[in-house]
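A.B. asks: Single-letter residue listing:
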Amino acid sequence: MDKMDLDGPADSSGDTTDSELPSHYGNAVPDISVTKASANAKPVVATERTDLPKYVLQFVLEGHRAGVTTVKFSADGRWIATSSADKTIKIWHAENGEYETTIEGHGRGINDIAWSPDSNMLASASDDKTVRIWNVMSGRILRTLRGHTNYAYSVDFNPKGNLIASGSFDESIKIWDVKRGVCLRTLPAHSDPVSAVHFTRDGTMIVSCSHDGQIRLWDTSTGQCLKTLIEDNNSPVSCVRFSPNGKYLLSGTLDSAVRLWDYLKGRCVKTYQGHKNEKFICVPTFSITRGVWVVSGSEDGRIFFWDVQTKEVVQVLDGHKDVVLAVDAHPTKNLLVSAGLDGVVKIWIER
Amino acid sequence: MPPTSRTGVHLSSSHPSSSYRDPASRKSSSKTDLATFFPDRVVVPTGPRNDRYNAPLNHRPAGVDSRPPEDQESISRSPHPTSMPSSSSSSVSSNASSAGASGSSRSSPPDEHADDGNGGDSISRPARTAVQKPRLESVLGLHGKSYQIEYDPDLDKTKSRGKEPIYRKKTSSSTPVARRAVDPRNLVAQYPSGAVPRPRRRLHMPTLTVLKYAFDSNSVGPRPPSQVLVSGFSRLTKESVVAMQFREYGEFENFAMQKDPITGASLGMCLIRFRNAGSKKSEKKSVDLLAGHAAAKRAVKDAHLGKVKVGFDSVTVEFDDDASLCARRIDELAREATKQQQKQPAPVQTVPPPPPSPPPPPPPPESPPPSPSPPPGRSRSPYYQQHSRRYSRSRSRSLTPVSSRSRSRDRYYNSDDSRSPSPSRSRSHGYRRRAQPPPPPPKDDLFTRIGNRPYIFISDLYVPVDRVYTADIKDYLRDYDWVQVYVVKDTLPLKYETSHRYHPKQRELSGFYVVFDSATETKACFRHMDGRTMDRRWRMNMQIQFPVDDQDDRRLRERNRERSDSRVKTDKDDAKKVKAKSVRQADPVMDATTLILKELQEALRKDIKERITLPAIYDKLDPAKLRAGTPSPEAVKTERIATSSFPEVKDEHKVDVANVEENNLHMSTGVKQFSGKLPLLPRFKKRNAETTSTKAQLLSNKSLSPSAKGAGMSRPMNHQLNDYVSDEEDVAEMDDKVDDELIGKHVSHQRKDEPRIEIDYSEADDEREDETDFVTKFRQLDKNRENLEDDVNLKDFVVSGEESEPGKVDDIVMTNIDEELIRAAETKPSKKRKQLTSIEKQAEKKRRKKLVRIEFTTSEEDEATPATTVSTEIKTEPIERIDQETKIPPEEHDFDLVDESYWKPTSTLIVDNIEAETVFDLDGVQSIVSDAEDLKYFQIALEDVKPALDIGNVIFWSWQQKEAKANFFDGGRRGVSRKLVRPEDEYERINASGSARTEGYYRIPETEKTEYLEHRKRLRKKKHPDGDTANGVLNGDAADTSGRAGTPVDHDTANDGDASTSTTLALASATLDAGAEKDNISSRLNRINNRRLAADINLQKQMLSTDNDVLRFNQLKKRKKPVRFARSAIHNWGLYAMENIPANDMIIEYVGEVVRQPVADMRERRYLKNGIGSSYLFRIDESTVVDATKRGGIARFINHCCTPSCTAKIIKVEGQKRIVIYALRDIMANEELTYDYKFEREVNSDERIPCLCGSSGCKGFLN
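Chains A and B supply the protein sequences, listed in that same order. Residue numbers for the first sequence, in the working numbering: 1 to 351. Residue numbers for the second sequence, in the working numbering: 1 to 1263.
Treat the hints with care, since some could be wrong.
Straight-line Cα separation of at most 30 Å, DSS-like style, residue types lysine-lysine; simulated pairs [said to hold, decoys possible]:
#, chain 1, residue 1, chain 2, residue 2
1, A, Lys321, A, Lys54
2, B, Lys1190, A, Lys311
3, A, Lys279, B, Lys1169
4, A, Lys265, B, Lys1190
5, A, Lys179, A, Lys160
6, A, Lys276, B, Lys606
7, B, Lys1209, A, Lys265
8, A, Lys279, A, Lys265
9, B, Lys212, B, Lys238
If you are wondering where the hints come from, they were derived from the structure by calculation, not from laboratory data.
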């Protein structure tokens, strides 16, 4: 049996982007001149396009005393959570950027956080090898998930909110039961730190990537590896996530490329380049609130917007002094939040 | 269980006690509803015959009868039917209530004619609604004189005035009209004898009646009543007597004597429910359904006929299916009893009132006091009245009421009465009857029956009772609205009576008693008729009498009382006195009052004791006032409270000085209370800072202190004990005090007094730059960072802070001290000091003084948090504090201070070995620094530490720290001191930037991976077994992997697309511990056997001379050793021996697809592309490659090792080249099998594959 062929989409529920993405694949790239953004020059974007993103800086959130590793909008869009190497998670109002609270308790810097679907809980993966679940509003710890033998590196809630997948430097993925706080399954996934885990929209699959250059798809219920995607140059994969419709994968690799994978076919369909990403995990994300963009930070402190279809750089935001480690797009509003090694969180809004 | 709302409502509505209707009336209520729906129409009640079972007796609106007589008067004026005597009113059907309820018959005139014919058999006649009410009234007779008929077509047929009778409504104010109604009785010849011609005509029904069916099993609605209320028998009657009487009617389902709810005494009532389903089982069910009802009906009927007697009493039996009637009766009784009690002290009581309790003292044997009015009747309940009336009716011989209005009965009785002499000696009053329910029929009382109504007495002297009929009297007085006429035929000689100045009220004198309903009518009658001559022979000399509290009669009564016998009077007075006395004795109100007064006094006394005396005593005992001893916590508290609001600085100062002396004294005397004394100091310090505390003053204090040493200990013992016991609490308190001051002076005013601090700060800045106290300095430090920049300043401030504590006088010397000096000062053999030095050392060791400094100050502040709350809840303060302090003991992970190591909790608070086991963090410092002294030294130790961060609000910050620590330890376990336990063998690599993400990507050396990857860790431990613990861990791990092996295997096979069947093998992992020799022998035997087998097969093959694949025997397979695969330390997976394998033994064959070289190359590329990293291609020769990637045996899992345990040999088996793995050496069970891959050496370093075998002779690369 050829396991490369997975029947049907992983996510049956429709999505707005669902119709757009495939329809343009295979089309000729529009005759638009796109110059790759160099370090100093602003990227030239096509003038004939009118739907370009026009994000401008709105708020600068300062408070972290070390590099901000992850920034995430809550599922309901009300909050921004930022995790930092200073062992704290800070919660901010998404709308006005007001500081809300700080969650402390990790013994080490925090690598990744994930909101629960109901926006009441946060899961955080830390260098102290634990994954912790927090009540956001009270700042109290709900569960401590112990078991990783090295840094917990990535974490994600499943859409139901009852499972947490965590990837670790110990090269394994652990699936945890949120309620009981126990490890349900350990996937001996990779041969290098698992840099990202992400659930599909229906929670049936987990995608993971590792510094060993592999992206693997797992069946959540059985723990079977369904697919392995590997790049030619085998560069470390820093991040991977499902597209909102669950049909594609967006991966960031340390060869300064963001790739869009059709994981059913097992091939890379788009490669977005122009930014610099060779050492850090610069999490790429989709911005789908107006237009469909791929957004990623860069190690030169800028934020790049690509058109998903044309792969052209449509906007570049300059504002961070150091590596932009994380960007996240608001689920409904034209908001973008970015954070980086300089410890500053910035909220960008589209004009 | 309380019923739920809906059912509850329903239940309550149908509850017998609350329902005011009998089942019978409920039946008729439907008709009532009909009537209200069609108000204009005449609703015809159903025929009485059909309604028979809910007929008469109890069918009376209860509210009417329960009213007092004066109400009844008004009722009787209303056109509605009112009460009717129930005992014999056979004519009354349920129509009564329906008519009354409908209210539609107001316009309909009463029918005198129907009235006339409404005899005993009226039940059988359907009634016309139009005539119902008046008929009822007339039947009632008592009060029914609301209408007078002017013209009755039935009677006056000659006159053609129409067919409708003409009525005149009679009002009370109406004077007798000229035209009088003709008394129909006068037209009858022998009227008194009762021979009344019955009207032949039957009333036709205006509408059709509702057909009624007998109750059967198909019937809907309530069953016919099967329960009867028996009343009227003596209260002394036994239950069994009653039961025996009624047993003949049917079997009882329920038999309940009714008892007084208060006293529990019998009420002379009894509820009997007859069993419906009779005992006779042969009977049909439908019959059974009505058996109970039939029995009840019979009983009621018999009772109605007077056949039923209990003892000697004729009893009343009434239907009472839902016991509502009974409940009502009881209710009335109770109400009457209370009313009676209230009326007892009434001044007009001429007769000793009936005692409230049923068994009353017998009445005085002497002649009863004369009573001008019938008080007994008045004070009696309607219930008793009813009963008495009923008695009178049932026992008509004793007394004869004569009433023209209550025709049917009265006639009957009257006839009886006219013949029978009335033994009206029954002076016995109500209470007597009640008190002694006489076994013989109780004597009825005339006055009782007259009740509260005015009457006119016509003495026998003037109108002889034996000559004149009552009818004559009635006729003579027919113009007046009298109610009844009684006749009393006294047996006493008239002479005797006349010789006395008697009053008719005193005794029932022979004569006629004409009872009226209204006083005006009576008066009118008296005025007109008094002195008239009757029948030209008898002169009617009348005496008018009014009821007791009728206003018109007051005068009369007074007069009567004057006239009453003096002896009686005195008797009465005596009785009154006695009664009053007894009342006073038993007065519950008085008792209650005295009780309450007593209690109040007690409370007052207690209050005084507690609120005034005790504080005063405490004050006196206050050690501060005694100039010795530490004040008790309470005192301190109150004091502080007081001072916080009223800063009396001078007094404070003095007190504190005293305290200081005290402390010193304790120090010197070696009392083991080092912590108990000092704590007061900070407060002192603050006060001093506020005032002008100079060094000179302090010095003088110091000089004072030795002199105070001699002072004796005058502290109360309990204070000392308290102090001793709660050393820590004291400390805490002291710390709190410090904090009070640190935070701000007036804690009670503000929670966070930022402005206050500001003030302090400015004050300090302006006035005493040098001697600013610690707090202000610290605030300053917080706010003006630049001030903290220079060390000198900081140092100064610390020292000055200490300096400002007056108690530590010797500290003043230390203004310029260095560390040595401090140490020198610590020569005291104090344990705390030792601890302190250790703290210092620790601090130095850690070289984090800066942070510790912050920690420390904040720890102080942190303790202030409770203190701030204290002001709001002063009363709970001590307890709170104790809680705080006992809980605090605080070791938690400190993220700033502790160098990122893990701390595991110990359950106990560590006191002794602090330096070894206490984490040096916020809580650790709190636990170490237990008093002001510690604090001081700690400060000194950390004085050159600079704060690292701006922490903002210190309290908040420290709270956050604690919260974070709590979170780190999974919530909960806060304030538990923790031992430093570094997890053994834990991989620790700290990212300099704080987290892995901020660190960026870096290649992790494989050697480092072995430190944290589980399977490699296991291997490492295996290679370096460190004693038992390692073994234990190993075993545990082994179990762990074996348990976990199941899932990973699946992944991997799926992952690599390996279709081999080896998973089963892998799952069959078990520890095989067998002796090596035994294994050797067995393996050898195996081989021998296999060879024999192979030889046999070969022989057979030759015999068959066919090269059949079916018979191909894989010898190699037979010789295979049991192996399994599992995660390997070297690479992903490895193959492990499951038993001991001797050297040179074959282990396994490397099985796979045999492909040509180009195919293999192609496949290799494809595998690489698909991400199958591992290569499972084994070259046999130049042109042939065995590919085990997709199809193959588990031999492919064997890893490379530079010093292998096995070797791969290519042997020819039956002409085919096979790859077989042989053991190079003896291999132990569970050892991983390895062989040298013998890759070609690569020159390009990029393509070289690092070797991870970890063996001693590792070359570093595979190729």
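A.B. asks: Please name the hints from earlier in the document that this structure breaks, with their numbers sorted from lowest to highest.
C.D. replies: 2, 6, 7, 9
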